[in-house]
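Number of protein chains: 2
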Amino acid sequence: MPYQAPVKDMLFVMNELADLAAVNALPGNEDATPDTAEAVLEENAKFCANVVAPLNNPGDKEPSYWHDGQVTTTKGFKEAFKAFGEAGWQGVQHPVEFGGQGLPKLLATPCIEMLNSSNVSFALCPLLTDGAIEALLTAGSDEQKAIYLENLVSGKWTGTMNLTEPQAGSDLAAVRSRAVPQGDGTYKVFGTKIFITYGEHDMAENIVHLVLARTPDAPPGVKGISLFIVPKFLVNADGSLGARNDAHCVSIEHKLGIKASPTAVLQFGDNGGAIGTLVGEENRGLEYMFIMMNAARFGVGLQGIGVAERSYQRAVAFAKDRVQSRDLAGSAGPVSIIHHPDVRRMLMAMRSQIEAARALAYVGAGLSDIAHNHPDAAVRAANLATYEFLVPLIKGWSTEMAQDVTRDGVQVHGGMGFIEETGAAQHYRDVKILTIYEGTTAIQANDLVGRKTVRDGGAVAKAIIAQIRATEAQLAEQGGAEFQAIAKHLAAGSKDLEAVVEYVVNNMKSDIKGVFAGSVLYLKLAGIVVAGWQMARAALIAKQKLDAKEGDASFYQAKIVTARFFADHILSQSSGLRSAIVEGSAGVLALTEDQF
Amino acid sequence: MPYQAPVKDMLFVMNELADLAAVNALPGNEDATPDTAEAVLEENAKFCANVVAPLNNPGDKEPSYWHDGQVTTTKGFKEAFKAFGEAGWQGVQHPVEFGGQGLPKLLATPCIEMLNSSNVSFALCPLLTDGAIEALLTAGSDEQKAIYLENLVSGKWTGTMNLTEPQAGSDLAAVRSRAVPQGDGTYKVFGTKIFITYGEHDMAENIVHLVLARTPDAPPGVKGISLFIVPKFLVNADGSLGARNDAHCVSIEHKLGIKASPTAVLQFGDNGGAIGTLVGEENRGLEYMFIMMNAARFGVGLQGIGVAERSYQRAVAFAKDRVQSRDLAGSAGPVSIIHHPDVRRMLMAMRSQIEAARALAYVGAGLSDIAHNHPDAAVRAANLATYEFLVPLIKGWSTEMAQDVTRDGVQVHGGMGFIEETGAAQHYRDVKILTIYEGTTAIQANDLVGRKTVRDGGAVAKAIIAQIRATEAQLAEQGGAEFQAIAKHLAAGSKDLEAVVEYVVNNMKSDIKGVFAGSVLYLKLAGIVVAGWQMARAALIAKQKLDAKEGDASFYQAKIVTARFFADHILSQSSGLRSAIVEGSAGVLALTEDQF
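If you're matching them up, the sequences are chains A and U in order. In terms of the numbering used here, the first sequence has 247 at position 213, counting the first letter as 1, and numbering is strictly consecutive. In terms of the numbering used here, the second sequence has 335 at position 301, counting the first letter as 1, and numbering is strictly consecutive.
Don't read these hints as lab results, they were simulated from the structure. Remember, it's a predicted structure, so these values are computed and weren't measured experimentally. Please note: incorrect hints may appear among the correct ones.
Where chains are identical, the list cannot tell them apart; a pair therefore holds if satisfied intra-copy or between any two copies.
As the list claims (entries may be wrong) - Here are the computed lysine-lysine pairs in the DSS-like style, where the Cα-Cα straight-line distance is at most 30 Å:
hint, residue 1, residue 2
1, Lys547, Lys354
2, Lys583, Lys42
3, Lys522, Lys543
4, Lys95, Lys116
5, Lys522, Lys583
6, Lys95, Lys109
7, Lys354, Lys543
Whole structure, please, built from the sequences with the hints as guidance.
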């Protein structure tokens, strides 16, 4: 099924909710005008729909495969990735200095969503490359930047993140890979890394592995981890490619989904040592890796939104096309199933959550731009804090949401949904990794509880709640059933969220396990309230536009209905979540291990 | 991973919640003593664990395949099915007269759950055969019974249900297959049937297709559908197999899950007509098919419970084995992940919902036994009405629950869950069909709203709520935080359910689409409240046992904790569901088709 990018909704969110004008006003962002944004989105939408989306199903049917250390990607991927790089899409948000377009994150964000709607397996390669670029920009030496950045930004080379080892999944303290200094500024790296996305492939001339390893005298735990660049091919002084490095792919995984994306087991140093160079300072590897990780977490949230959108489009098309059973309120012949209330309920649940998650993520992107480029340090700090609060929601909630949405996406198709040829099932399979990689939902929730809530005594959370209250006041001024419903559920939701923030802050010391027993539920509650708030804001703006008779009335009317649906069906879950968090930890923790 | 049947919980539910003693006291059920039940369950558990469970993963890796009209099932299936029949497991609940064991449904139910935990693809064949047996017992002629029943009950032959056609999925009014009388008591059947489970295979000597078709002068719509027996091989007067009938498998589907279960496209009559005989009276086919369908719906509910249980066992084993990260409350080295609160929360969510769904289903089985065998017609009628109210919950809620559970089952495994070799992902894929076949969740919800709630003005629903209130009174007499939590959430849940029943009954005429916009949510609400009630009953009984120092204290303590978890985390969703049902229909229905 063709993919049609929801450019209208994207532009609405960028302009009206994420304040593109404010981002455009920042120093260095002069080019990011609304008109440029529209032109970039339209162009990206075409590229994604025409070049990348058609490869999605083929990638599932004929996954990338390993043979004798080499990975051959699905037919067409190599050419598509070349076109992607040449068209400049890898470089959208990267510095002009290294060949990028230097556009703000807010503008790159819809492009990343579109790429993921088109083909999440394909999109992973640029996503990891983005992370490598970020890490090198922040912590790389001038020499490293000179050698690697331009080639990464152009898509000529690609990047990987090498964290996980067989005994060290989420727990990086357990990393064992070693890096031994050679006295010439280089290191020999030894170890096994697993789950390395695009750890080997045939789409680029070189692969730049960013690898966590320990130097000989490193302290134990996470404080003894350093970050190394270990390229697949060594790079000569003139920039040309040199010898094959001792970093080899020994196998790739057989997975539930994202089958075209090769997930590699990499052996470093089996033949004498893989040559690498240190990034930044010794023992600060985890800090640098978190730069990649945080960029990647935001990106994974967009993957959830992207796949959910594709699943929604597929379900809508099927529901309009498939004729089955009479209309409940009519006596004529059979109708298309979009007339049946429960099909419609599923489509609205899909649609409203996607729109809410999109708004949440794009607003986050705008905050990030302000946090990085605003001239006033206090404004930067405040926006950074809010952005960082949102990242676990964008990653955690959007990806859990995507699993709900793709499940409904299959369900709308009835029996056809279970047949692989239909395509709905691929989305259901593909999204299951999104709540796992780059930190499981529980790890996002740990971050939300620990670093983002308890550390500042809930200050950022409460500042967000205060902003929500301001929106509630605006809602109260509106008439009509829609706004009453939105106002009611947003007020209840923000109250529930406030109570939970208090609970988390107040009980962290006395009952740490009790607090963490509800951490994922807190993430979900915060997700639906903050995203629901964006939908409420969207409804208010839509109302203004309608009152002013500006723009596309049908779009704005639909936005208000969708915001109302979100309030009635999703925000209404807040009281159950609050009760489970605040009162439900004893039942989580009471059994002994033997009783399981 | 080996499967270990939860026989202790099964026996607890049978004896304490589903009143096996009352079922045993019914005429004809004298053999169904608690001791017999235990012996049957232990024996079945061994058979399932040793013979059927080991074939589950092989069936996924090497699915049944089609070649030239023949289907070859996964290696080992044929032998296992032969052993299954020879051991008498197909006949557990069928009449002794036809070679069965004549045991009540309550005793067959755990056997079916175990078979589905072991291998849901395998279990589908006996499930469909059970349905065919039920239909022939009810509507078959003496001759048909004589020809078919013994061979079906022994597992020598198997049965199928042929409803769906390419243009007629959920809407049987659209069935087009034709049956033309030949004047000799037989018919020639013509048509295409799709999605026919075990429509062709190599595990039995003959396949007995039960086929919906229209006779030449049949009225249009569902009132013109008749039911025919169309065997794969015609049966001679002496019972031996005769000519190959004109019913052929032209392909099987490539599916998301249950890959070992062949899903056939069958062509009837392409070479002159498939010979069939009419079951019961002309034009009453739908009624007879519903006999199969209702038995099968209950069975699909057990499939959900069975797969969820297997997924839970796998997750528990992994969580105890996998060592990763320190304990939140400790400073020692890494611990097994079952120590981490969110892993535990997922395991408790899985466990509590499985136990609740099991209790709901087994209680339903007990009601069905009383409904069929009690000497007093009024008692029969009352139990039948309650059972029929529960069937859409058992089918609809247990299978939706199984999708939640298997999703958590993958999540507990982290990255390993996404790797197919681990086995967790198979359950996630397998269960997706359960909310679709034998009537989607929306169709179960239509049944719940229309036939089970509105038709009697909510009388049965209210009678159940009255029983729940009696349990609430008992809960209120208990001390302790566990019972307070259970009492609070059950009371809130039953109140929400009552309000929704009123809403459904009162608004059906004035706002039919509004009512059906919340039908699936009503099903979920009724599911969690009625299943939560069973957990509350279980907790009360566990408390009695503990007070009396009877039996396994650890088991009873765990039951109380699990009931409390269900109340805090699942029952607490009731207020959100109520609000979405009662107030949320406008948002479901407001968009025009073009706005999607």
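Can you give me the call for Lys522 and Lys543, within, between, both or neither, at a CA distance of at most 30 Å?
So Lys522 and Lys543 pass the 30 Å test across copies only (28 Å; inside, 34 Å).
Treating 30 Å as the Cα threshold, decide for Lys95 and Lys109: within, between, both or neither.
Both ways: Lys95 and Lys109 sit 11 Å apart in one copy and 24 Å across, limit 30 Å.
Copy assignment of Lys547 with Lys354, given that the CA separation must stay at most 30 Å
between (48 Å within a copy, 18 Å between copies)
Alpha-carbon proximity between Lys354 and Lys543, which holds within one copy, between copies, both or neither at 30 Å:
between (54 Å within a copy, 27 Å between copies)
Using 30 Å as the alpha carbon limit, work out where Lys522 and Lys583 are close: within a copy, between copies, both or neither.
within (27 Å within a copy, 50 Å between copies)
Up to 30 Å CA-CA - Lys116 versus Lys95, copy category:
within (22 Å within a copy, 35 Å between copies)
For Lys583 and Lys42, with the copy left unspecified, which applies at a CA distance of at most 30 Å: within, between, both, or neither?
Answer is within: at 17 Å inside a copy they meet the 30 Å cutoff, but 67 Å across does not.
Checked against the numbered hints given earlier, this structure breaks none of them.
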